[in-house]
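Residue numbers for the sequence shown follow my numbering, beginning at 43 and rising by one.
The reader is advised that the hints may include incorrect statements.
[To be verified] Calculated lysine to any residue pairs in the SDA-like style (CA-CA distance at most 20 Å, straight line):
| id | residue 1 | residue 2 |
| --- | --- | --- |
| 1 | 1013 | 882 |
| 2 | 1080 | 860 |
| 3 | 573 | 589 |
What the hints contain is simulated information worked out from the structure, not anything from laboratory work.
Quick caveat: nothing in here was measured; it's all calculated off a predicted structure.
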Amino acid sequence: MDIETIFEETDFPMNDEILASADFGDLSTELDEPFDGVLRGTFSCNKCDQTFTHRRSFKRHQISIHATSASFQCKICRKRFNRKDNFLRHSKTHKFMSEISMEVSQTANDKENSSVNVIQPSRAIAGPSTILEPSALSNNGVTSVSSTSAAPSRKRKISSVNRRTKNACLDTFEVHTFFPNPLTSKDLTVSLHSLKTEITDKIKEIASSKKGLKWYLNSCVRFSRKITTEDFETCTSYFRSKCAVTLDQESPDIETSIAKVIASSNEFENRGSGWEFQEVLKHELKTAVYKPLAAASYITLPPKLRTKKAILNIQNEDQQCFLWCVLAHLHPTQVNANRVSTYLKFQNELCTKNLTFPTPLNQIELFEEKNEISINVFGFENEIFPLRITTKNFDTHVNLLLISNKEKRHYCLIRNLNRLLSDLTQHKSESFYCNYCLHRFAKKSNLDAHTIDCRKHKEQKIKMPENKWLEFENFNFNIPVPYTIYADFESLIVKINSCAPDPARSYTVPIADHIPCGYAYTVIGPDGNFKKPPVVYRGENAVDHFLENLIKEEEEILNILKNVKPMLFSDENKLDFKNATICHICEKPLLGDRVRDHDHLTGAYRGAAHNICNINYTLAKHIPVIIHNLRGYDSHLIMQSVGKIKNKNITCIPSNSEKYISFSIGSLRFLDSLQFLNASLEKLVSNLEKNQLKLTSDFFKDKTDLMVHKGIYPYEYMDNFQKFSERHLPPKETFFSSLINESINDDEYAHCINVWETFNLKNLGEYHDLYVTSDVILLADVFQNFRQLCLNFYKLDPCHCYTAPGLAWQACLYMSRVKLELFTDLDMHLFIERGIRGGISMISHRFSSANNKYLESYDEVKPSKYILYLDANNLYGWAMSQFLPTHGFEWIKEPVNFMEISDESDIGFILEVDLDYPENLHDLHNDYPLAPETLNVTNDMLSPYCKEIAEKYYLNINSCTKLVPNLMSKKRYIVHYRNLKQYVSLGLKVAKIHKILKFHQRPWLKKYIDFNTEKRKKAQSLFEKDLFKLLNNAVFGKTMKNLRKRTVIDLVQDQKKAKKLVASPAFHNFRIITTDLVSIERKKSLAFIK
43 MDIETIFEET DFPMNDEILA SADFGDLSTE LDEPFDGVLR GTFSCNKCDQ
93 TFTHRRSFKR HQISIHATSA SFQCKICRKR FNRKDNFLRH SKTHKFMSEI
143 SMEVSQTAND KENSSVNVIQ PSRAIAGPST ILEPSALSNN GVTSVSSTSA
193 APSRKRKISS VNRRTKNACL DTFEVHTFFP NPLTSKDLTV SLHSLKTEIT
243 DKIKEIASSK KGLKWYLNSC VRFSRKITTE DFETCTSYFR SKCAVTLDQE
293 SPDIETSIAK VIASSNEFEN RGSGWEFQEV LKHELKTAVY KPLAAASYIT
343 LPPKLRTKKA ILNIQNEDQQ CFLWCVLAHL HPTQVNANRV STYLKFQNEL
393 CTKNLTFPTP LNQIELFEEK NEISINVFGF ENEIFPLRIT TKNFDTHVNL
443 LLISNKEKRH YCLIRNLNRL LSDLTQHKSE SFYCNYCLHR FAKKSNLDAH
493 TIDCRKHKEQ KIKMPENKWL EFENFNFNIP VPYTIYADFE SLIVKINSCA
543 PDPARSYTVP IADHIPCGYA YTVIGPDGNF KKPPVVYRGE NAVDHFLENL
593 IKEEEEILNI LKNVKPMLFS DENKLDFKNA TICHICEKPL LGDRVRDHDH
643 LTGAYRGAAH NICNINYTLA KHIPVIIHNL RGYDSHLIMQ SVGKIKNKNI
693 TCIPSNSEKY ISFSIGSLRF LDSLQFLNAS LEKLVSNLEK NQLKLTSDFF
743 KDKTDLMVHK GIYPYEYMDN FQKFSERHLP PKETFFSSLI NESINDDEYA
793 HCINVWETFN LKNLGEYHDL YVTSDVILLA DVFQNFRQLC LNFYKLDPCH
843 CYTAPGLAWQ ACLYMSRVKL ELFTDLDMHL FIERGIRGGI SMISHRFSSA
893 NNKYLESYDE VKPSKYILYL DANNLYGWAM SQFLPTHGFE WIKEPVNFME
943 ISDESDIGFI LEVDLDYPEN LHDLHNDYPL APETLNVTND MLSPYCKEIA
993 EKYYLNINSC TKLVPNLMSK KRYIVHYRNL KQYVSLGLKV AKIHKILKFH
1043 QRPWLKKYID FNTEKRKKAQ SLFEKDLFKL LNNAVFGKTM KNLRKRTVID
1093 LVQDQKKAKK LVASPAFHNF RIITTDLVSI ERKKSLAFIK
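Could you put the whole structure together from the sequences, leaning on the hints where they help?
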């Protein structure tokens, strides 16, 4: 279809100029000036009398004043567009598909009259954006018609059938992957709707066989953007729908899921980062078996809730408890209120069309809209928490409680939310609770003010700390973890020699499979030496073999730790104990509470201690297994075999659904050394002095000099087990790495030969064993040095922590011995959250021209001018050394003369203010405005030049949220009093003060920061220098943790547990790891804010 046909019958008046710019090739830049022969001022509107000098202004006038809801309509799919650039982009999709379809031909033995796939115009239907009606498409979006045209010269057969794969786990989870064909892969909307029937049928099929399921769509899309005039970069992103429920004999709501995927993709593309849609790679339908409410849905209330007398629990035997609860609210009664028969006569009052029973949470919005009733749903798992908070504001409002037992779930009517939540406080007067966080307020006005900020977050019960004081308590971190395991894997990189990808389909190119072929590990004992010689293995099923060995090591170590040595208590120890006045653990006065503390491994007396300190001062219950880059690589290998382990508790601390900060198997805690020391093993080893490589020296003895550097290995050459039998070192060329696109140099290859000959290696298998063993021992040396430094300087063993920020936080608390007050007032926490802004978004165009006698271009006539480049060192360290809040947080109403308060005052303030930005400062501050604020940047905020560039290059202009320095006045701006002093001194005006938070402050982090800074100056090695810098910077992020966004992920092997988690309303998504292991992500319904 040509471009003129596509423009046919649009609402916007077409002319030759517009048609001329509508090329389907590279979009031409529109001219800023009129065409030849057209004078300025001759653009006349045919619907009014206005004339325009510039064509751009004329077009804007027509679109904004005279256009209907959409000015451009695609003739093929009927999608409408207000802007021509968006329309042209969309039209290119159809052009591409048309060209591809016309290239289709049969093979050489096909007849001349062949069947060719072409796209046919079809009727538009309603949706998030106009889409192809599925009924108008056959073969997943392609209609077959007869063609008698000769076959094109290019022989390429394109299938219109979508490829599909399936992955399953625990007879509960399935992932069906659909790969789009060429006619749909260039448009996400078309691609999803071409698969609509196929996906719907698959959902119905599974729902029918399993009697119910939860499912969601997950689309994988490739984007690209220009990084230079010639170079592009690409990224692959996933966009998923919300989790939906479909029961037996139901039709799934596929439209809503498709709309959510499309909306998420559009949001990503419109964020202003320059990414543009390239193609759809695949769609995933992820399903999990869902066991809904049983036929008799009545459940007895838990005793804790029954005594509240705030809940009506209707004793229904059907699955319509949701309906009966709503009717009970509409028709309250004190007589037989818990019987269904009381409400039967009212059941036709409500519209329940398309509502299923039992009713899942995601169908409640539909019910709300049809009946003009707003509904909140709360859950109960030992505590009440919000499950679903309505966005509607109808006159009739209902609060429901969803309770459960091991087999079923049941809705109850909350008659009195205040009474239900009253155990949260001792106050007996009327209270007002926030639906989003369940926080209590004594006044309705306070609740209303709180809700403004709280509703910006997802519904989640917020629990403030019961003990409001934070100080160092983990004194057992002073005790080194006695046994530590260091490990590493090697893999065969098996090239995938698949057939050439079908250009008719979206595809990714798999390069190689990583098949574990060997490992090594070493166990380091309490004395810092080898507990036994390093274990090395080479062969098939390496991960299975590795885990079997580690479980044996675990049993041996735990048996040793169970054997507690009796105390060795000499006369000298007795005298020391008698005279002790300070607890040797917490370093506080003993008074009358004292006991003798001793080392359970050696029996040595350690000192006098408080009884509670002694009880908590115990050996670690875990055994660290430390692997470099565990999170990014080795964990994926290990997880492939974890599912085979039975009768062991498997847990994880997730970074996201695919990467784990740590995971544990029984007492084995897997840690990533890269999360502590963020550098390659090669660099870490090079930073150590030779005398620090104690383990390497002990193991390799006179050959140590050869092994003090990370080894060299031909990763990509080793692609099968047979190569381990080769008796010679392969050529230098085989050490080439496609990952870094370079090979080793002559000196490095000479080193490999030297290693081979010195160790008298017989084959590549022995070279592999030596390489992986040396890597493990070098890692052990690096991390043991790190542990010893931390124990020497901070008296803490990193093996008790998971990451460097966690270690740094414990170290600063221990060294400073500060006692910090935590917020117990949620509004104070929300107030501070609003003041956290992040990094500014701006482009500075700084220019200055020097003119002085040291320059060849010096002009004596002009004034002398020098340019000095300044760079501030230790920015984070400086900021953390300032006076920081410690305790005494309170709202104050009396005015504060903040301009007179010293930066080093014992009292500090954070204020909420309105600021005026005087116009006389605009020119002076234009390059770097004060008081940056988070803004939703809209089209009308852009400068005329930005708009011109956007129009000229067909750039999307969509609103996005950025931290922007600007010259506008500020409303309700959260600011520290020191920043406010600076703003006012530079000319800003405080128009109004809304709130003032007062607190005590002192430079409590300064001792820790200064200690690390001084130690860095005196460091004897690069390793120490990097360590002290790391531990300063890492603590900053720990003070900014967002506990709301933490995810809860369960690693599940048991089908019964899996189905229980799927049935939970908090179920969010899942990832199949192996056929017997799945990770399940749940929404965090309860957040502990500190």
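Exercise. Hint by hint, work out which the structure violates, then give me just those numbers in ascending order.
Key: none
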